[in-house]
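Residue numbers (my numbering), protein chains in the order written: chain S, -4 to 563; chain A, 388 to 554.
Quick caveat, the hints were computed from the structure, so don't treat them as lab data.
Pair by pair, the computed Cβ-Cβ distance ranges are: (1) D465(A) to D302(S): 57 to 65 Å; (2) N356(S) to S441(A): 48 to 56 Å; (3) A522(A) to Q331(S): 31 to 39 Å; (4) D465(A) to G357(S): 45 to 53 Å.
Sample of chain A residues at the chain S side, in silico, Cβ under 7 Å: (5) I398; (6) A431; (7) L512.
Only a predicted model underlies this, so the values are computations on that prediction, with no experimental measurement involved.
Glycine is no exception: its CB is placed at the ideal position from the N, C-alpha and C atoms.
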Amino acid sequence: MTRITIDPITRIEGHLRIDCEVNNGKVTNAWSSGQMWRGIEIILKDRDPRDAWIYAQRICGVCTTVHAIVSVRAIENALNLEVPLNAQYIRNMIVAAHGIHDHIVHFYQLAALDWVDIVSALSGSPEGASKLGGTLSDYRRNGVQEIRQVQEKLKAFVGTGQLGVFASGYWGHPAMKLPPDVNLLAATHYLQALEYQRIANRIVAILGSKTPHIQNLAVGGVANPINPDSQSTLTLERLFAIKAEIDKLGEFINQAMVPDVAAVGALYADWTQYGAGITDYLSVPDLPLDTKGTRFELPGGFIAKGDLSTFKPITSYQDAFFRDGVKESVKHAWYQYKGGDGARHPYEGQTHPHHTDFQDNGKYSWVKAPTFYDKRVQVGPLANVLGMVAAGHEPTKRHLNRVLDIASTVAGSKIPVEALHSTIGRIAARAVRCAVLLESLQNQWQLLIDNIAKGDFDTFNRPVFPKGEIRGFGYHEAPRGVLSHWAVIENGKIKNYQAVVPSTWNAGPRDDNDAPGPYEASLFDNPVANAELPLEVLRTVHSFDPCLACAIHLVDAKKRPIVQVKAL
Amino acid sequence: MRVVVLGLGNILLRDEGVGVRVVEALAERYVLPPEVEVVDGGTAGMELLNVIASCDHLLICDAVKEDAPPGTVIKLVDAEIPAFFQTRYSPHQLGLADVLATLTLTDEAPGSVTLIGVVPLDMELGIELSPEVGAVVGKAMEDVAAVLRGLGCGLGLRSPMGVGCAE
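Using the sequences and the hints, build the whole thing.
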């Protein structure tokens, strides 16, 4: 038996540690451990609920926007405060553009390098890669000349010996199986993706006033005054500039990203057999279409055992099925609950740290283990796409069918929807969701324009806090899945605040029943050819797009290696 | 000329956020010319691509791990910097190292990079800096201002009434 410790598996310092036991080339046990304590709850205590989002967006370096949005939703929910339509549409556009940005970055800049061999791309043929691209779509930027230029750029870059952004890839690993031409086409799109994710980010910046920390939110709406004529506000000129950016994004997502994901997935079809893990899925509806949050552009809900016929929708911001189902267990997490250690609802949640050493059968993570009606659920784009398909959402079904059709053609055999319950399925679902979000972004843009044309310029309803205690929750289908904030407010001050974040649902340790979480469960039976180079483990963990809160990134002046793989 | 002054760090972890506090202090004390853009980068990674792309000079303020007493302010330039941000294990660790490496790939790397670093004391949960580190924010800010002046940027002092006047 070999034990592999990968610490940390995400960026820079001390966030996610994965331990695996490997027997005969397969993972036989796994532990997912968050290595950073997250205590936003303590910082928010006694603060003004109207300011909570400003602190909440600092929880995470990648997901600033999503925490800001869900925080204002939680406070509005506590107040039963309606949000003007314009504000909903503007927030929805920010949510959609942010999601698109995140999904493009995940596939090309993060996950793809687990599957695409950049060094192999150097020996690909630009003519071959261009021809291959032509069989997948009509994408304008698959020309021989552009591909050759990218290859020459990469050759020069690798030739300097400074691999830079490609420095830690597993180039030449036996699990890398794509032919050089495919690697070259994907590498070309990798570089183009850098342009397109910036376009998506620019839309967030225009609407949110700034990135990475948007400035335009308020409990009760947004701080974007709308005036069709004024220069300093959200003008029609700015809105039409956004429309042009959306159209550029559409070309890349539909003609490059979706075919790439489908083709790469088909060429790694064996990975549809690994990584299913937990197949109870939870997603929430998003992009509200009314002021109260009772109608949504994108549906969400719960699916049991991967069976779409069991779908139970979550239907409003007051939804009791969602509200009453969530608990967090600390049996295996480095916290104590005063007054009994059993799993607690977030309104009754506590954040009392209780650190021990890493105990395989005891406490081993700073991440709590959330449960939905006392069971583990997987969240994220796969849960979201399956939920939307189960709800009959036409755009999702259309984009999913397109991915499966392309993949089936490349594989030469029919790839069914069931293939999605896997490592590669999580990546495919993210591309489907990206294409769906793009349509939503277009729709929300049109809804905003139409509403302004009616003469409605409202963007804000003033919140008023009553005496006594009120409670509220807000949810959001974030790029990594279900995010919820839970606030207890007393006399206008925050009394308790808990954030149950997507990576908590997925990366959490074992729960009160010692049941493994989604990361852990997905690693069981994963192949590992070489325990020193555990690329296969990274593939499955990265398919969740791991991102643990509080990205601390202290610079190390002594260049001390602060990351390591230990094969024990 | 375009100059970006980028504050990095997590302000919820006391001194870890000192870089953000330094750039906030800079914007509060000085009226900056239009070619200087002050950005609170927090702990963002790839979202900073747009901000940094094709600037002539990048000034980074951040907490640094050094064998020096807390509150020590250090300055590093160009070639010394990449190694600082380079330790990484997988393609999933996107931070400033990756942003800079990516901009090299797209031929949009900054013309020069300067790091003003502060050695932290306390990185526990909290939004206030430790007294030791809080006491040197002014010095770090003046170091940034000196770099800006060296680049030819004219800085005006902000009066208490919020109106700029010549330094």
